[in-house]
Structure formats: C-alpha cells, structure tokens
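Protein chains in written order, with our numbering: chain A, 1 to 177; chain B, 178 to 637.
Don't take each hint at face value.
Reference listing, derived: stretches of chain A covered by chain B, where coverage requires no fewer than 3 residues with Cβ under 8 angstroms from a Cβ of chain B [stated by the list, open to error]:
hint	segment
1	25-32
2	49-57
3	67-81
4	119-125
5	153-160
6	165-174
Derived from the structure by calculation, the hints contain no laboratory data. Note that the Cβ used here is the ideal one computed from N, Cα and C, for glycine as well.
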Amino acid sequence: MKTTVYGVIAEFDSPTALVEAARAAREKGYRKLDAYSPFPIEELSEALHLHRNRLPLIVLIGGIIGGISGYLLQYFVAVLYYPVNVGGRPLHSWPSFVIITFETTILCAALAAVLGLLGLCGLPMPYHPVFNVPRFAFASRNRFFLCIEATDPLFDAVKTVDFLETLEPKEVSEVAH
Amino acid sequence: MADELQVTDQPAPEKIIAPGYTFGTVTDQIATVVLTRKTPVFWMVSFGLGLVLLLLFLLAVGVLFAKGVGIWGLRTPVMWGFAITNFVWWVGIGHAGTLISAILLLLNQQWRNSINRFAEAMTLFAVACAGMFPLLHLGRPWLFYWLFPYPNTMKIEPNFRSPLVWDVFAVSTYATVSLLFWYVGLMPDLATLRDRTHNRLARFVYGIMAMGWRGSAKHWSVYETASLLLAGLATPLVLSVHTVVSFDFTIGIVPGWHSTFFPPYFVAGAIYSGFAMVLALAIPLRSVYGLKGLITDKHLDNSAKVMLATGLIVGFAYLLEAFTGWYTSDVFEHAVTVNRMTGPYSFQYWTLVACNIVAPNFLWFKKIRGTPWLLFIWSLIVLVGMWLERYVIIVSSLAQDNLVSSWRIFEGTRWDWATYLGTIGLFLFLFFLFIRLLPMISIFEVRTLLPQAKIEEERG
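Please model the entire structure based on the sequences and the hints provided.
Pasting the structure below:
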C-alpha cells in the first residue's frame, strides 16, 4: 500500500508523556507505531509491546562458531598441518588450546552482537522519512516523539491527527515520504 | 524479586550529577566542547606536547628501522628490557576503561555513566600504544603477520602452545572488542552531534558515522540488549587479557616469574594503574571544560577507592612474592628475591614499594580523596610505581638468572626513553584528538541519570 505520507508524528516534552501517549495509542488499537527518544526508556518498550529480540540467540551462535573454529584451527595446525614433536609430548595438547579458543569465542560473539544490532535495527539507514520533520532534530536532544505510521489499518489522515491532539502533545505534524 | 530490582535505582542520581541539569543543558554542555569553534589553550598545549612527543616517536622508530633493536640497549640475557615493560604497562592502563564500561555496567553502578566514554577511549589508545612495543620489538616489524596463522608458501604456522601467540590473540581480540563496544556506545551521541551541528561537513561525517540512528524505541530495545551482551563478553575478556600477559612470564621457568599468583596480581595491578590514568585525565579535563557538575567529586572519590582496593591487592602480592622467595626451597627463586631488594635494581624496587605499597594507603584519608590536585599527584605516583614494577619484574629477573656467568646489567638507552616518551606522545595525540572531535562524556547515558528521566508511574 503506497501512501503519500509516511505517518503523523506528535512531539512531547517529557518521557512520561511519551509513555502515556504510547499506551493510549495502543489502547486505541494502533499497531504500526514507533516512538523516538533521546535515551532508552524501559517502560516505552513495554508500552509498545516490543517483543524480546533475537540478539541473544545471534550472539550465542556467533560465540559457538567462534569457539569451535578457534579450536579446530589449532587442532588442524598443531596436529595435522604442522606437527611439532617436542620430547614426544602429545600433539593434541588441548590445555594450551583453551586460551585461543576463549579469545575467538569472545571475538566472534562480540562481532555477532554488533552486526546483529545493526541487522536487527536495519542500520545503516542514512535516510528515513521522520528526518523530514524539522523538529525531529530534537529527538536526539530533549524531545520525545510518537509516530503513527500510514500503514496502520486504523490510520486516517484527519482522525489520527485528532487523536494525537487529545494526548496533549506540543505539536503534531505530518511526516512526508 | 520485583522489589529487589526497584531498590537499585533509587538514591544514586542526585549525588552523581549536580542538581539543575535538564536533557537540553546536558546535551549542549557536552556537545559544545566538540561543536564550538573555540579551542581552549589547555587543549592546544596538551595536543602540542603530544605532537612533539609523537614526532620523537617517529624519529626513534626511524632510527630503529635503520639500525635494529640493538639501539634499545637489549643485550643477552636481557632481551625484553623496556619494550615489554612498556607493553605490559600500557595494556594494564587500558584495563580500567573496560572495567568502567563493562563490569560497572553489569553491576549497575550508575556513576560510571559520565566517565565511561573517555575511559574507553583511553583503553583504545593505551592498547594502541601497547601494541607498538611487541611489533617494534620483533626486529622486523613488517613481517608481523607471521604471528597469525595463514596459509603460506613457507608451510610454517605459529606454535599455539606458546604464551606469546596467546598474547597476540588476546590483545588483538581485546583491541577489537574495545573498539566495537566504544563505537556502539558512540552511535546515539554521534546522532546528537549530527543534529546539533551547523557545519555541513561535520553533519555529513557525523551522519555517516551515526549510521542513521534515530532513537527509535525498537532500536533502543535491541541496543540495550546489545550493550548488556557486549558488557558480559568484555568482562571475562578484560580479566583474561592481563592473565594471558602474565602467562608470558609464568609459563617460563625464569626465577621470579614462574609463579601461580601472577594472573590475579597482574589484573589487580592493571586496574590500579588504569584508574590512576583515569584520574590523571579526568581531573584536568573537568576543570578546563567546566564539567565538574558531570564528573563530580563523587566520581573522583569512587575511582580513588577502587585504586586503594586494587593497590592493597598489589601490595599483598609483593608481600606474597617476598614470602614465597623466602619460603621456597628453590635457591634461584630465593636469590632473585634477595637480589631485587639488595642488588643493582634495589633503587627501583624500593621506589616501587613506596609508590605501590606506601602511597595508596594515604587514600584511606578522605582529605586526599577529596582534594583533586592531591589526587592528581597520587595518580602520577601510582603510574610511576606500576611502570617500575614491570621494569623490576622483567629486568631484574632476566639480568641475573640461574647462571652467574651470563649475568649482565641492563640500562635503558636514550632511544629506549625516546620510544617510551614517544608512545606517551602518541597517547596524548590520539586522546586530545578524541576530546576535540567526539563527545568525551556519554550524553545519552547521562540523560538517563537525570531525575526527569524517571517515568512517573500510575496516575489515577
């Protein structure tokens, strides 16, 4: 569904007002909404029913891959590819492989965490319609925004604006594409 | 359970941030340091000093490349000399940054929020300085990639049973993870700078670096998970790095090195010197930039307490070292211990005892913890003490080990000192560039500390 506007956005001046507005919008039945704030607000995630994300799983997989490949690398090099016999000691000297296995586990898990963060957030995304709202520059300073997107089934260019006005925002504006 | 969780975020905020701040003033005060056209004289002088020393470093490295590591006073049996001393010292300094950013985050110590950013930057730059030494010490630094396992025509691979190879992995992982953690923390603040600046070029650069961060609630919820996970990963990592560094010593059978208490002793020493560096940087910075409301006396007090606690662990380790030397049946171990106290390096040994056992105990007094300039001097004492500690461990053990006929006394040459001072220059250069170009305090994390950031629950 292609619409001319991205949605409507309301500006608030306190985190409490934003959380209340987000709750009210959910109660009203809006589902395609997003809130913007200059710092993380735990209550906001609850108000918007943001489900637990898959990042921990991604990090776990990253860590497991890192650990296994780190160990296999050492096993391959020390036992198969370039065995060095020191006084007849075993080639598969696993205790001395523990440290590098640990390091590669952490390395891959951390890389998975950062790439996963970017992937789940869809970043980098230099352009986004909300940046078209001039006041939105304050979303990274001291203002709090609630955006109801046009893809919401209940969205109506007039009624949604009227609804947002009832939440006592500082300003309501349309977000152009 | 629910009650317990709520208790944690109660009384802290008023104390750690001066009253009267709003989201707007916090943002502006921190962002202005970067976005202003005016550069304070203090910055010019510090950056200039860094630049001069950096040039000295380039000169020293140039001479080193031309003539080889012999210019460093390295002679058998002391082949580690200044290079490894400086390496261990710098890596140790880095540890406080990760401790503040990761461990204190997991422990929900909110006072960390206004010092974590520059402490993490300190970590990165300290690790960069540390990395210089093993690389230059290779003798043929351009072949450094031989340290990594890669398919090559020589059909040779590194020996994974060697602590020196462990070190390569530990330090490079540490540098990478610290950089990632730091960058993730910077993203929301880069977005703030992008939105605040009036300069087109700056907006473009900050905009690209912020990756289009827009503070969406969906993003914040993933972001919070990511920070916690990164903190959880960085915590064991930071403890492992200096442990692995200490393995460089303990795995060898050199008397004075071959001992099991090195790992905890090194980690404590690392945090001890790291917090000293945090204080040495924070105290001048907060006065010059008028940030005393954000980096308060409480922060200095807390950091001094961490320094005291870790200093006591380090002091205990010295006593244990002396005790082990006396109690052991190993004559060489015994000889090295006595030699450290009475031999050619006794001056360095007793200075380090004064710096690391006597000096930290003055931090019991609130008077010293509460007087910034005294604390500044104390942190410099600690930094000197920790450098001497590494010097004594490395040089005294190597210079006079098992075989008397191979003894030789080591002394740093002027190129040793030039390289060492040069990395201090590199550190200052990078650090003051950071101060000028990026927000030195995490803006969004400080916003969460303000009383206004709390959601007033359940109205009617």
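Structure-based check of all given hints:
1. 25-32: violated (count 0)
2. 49-57: holds (count 4)
3. 67-81: With 5 residues close enough to chain B, the hint holds.
4. 119-125: Held - the segment 119-125 of chain A has 5 residues with a Cβ nearer than 8 angstroms to chain B, which meets the minimum of three.
5. 153-160: violated (count 0)
6. 165-174: Since three or more residues must qualify, the claim that chain B covers the segment 165-174 of chain A is violated, with 0 doing so at under 8 angstroms.
Hints 1, 5 and 6 from the list above are not met by this structure, while the remaining hints are.
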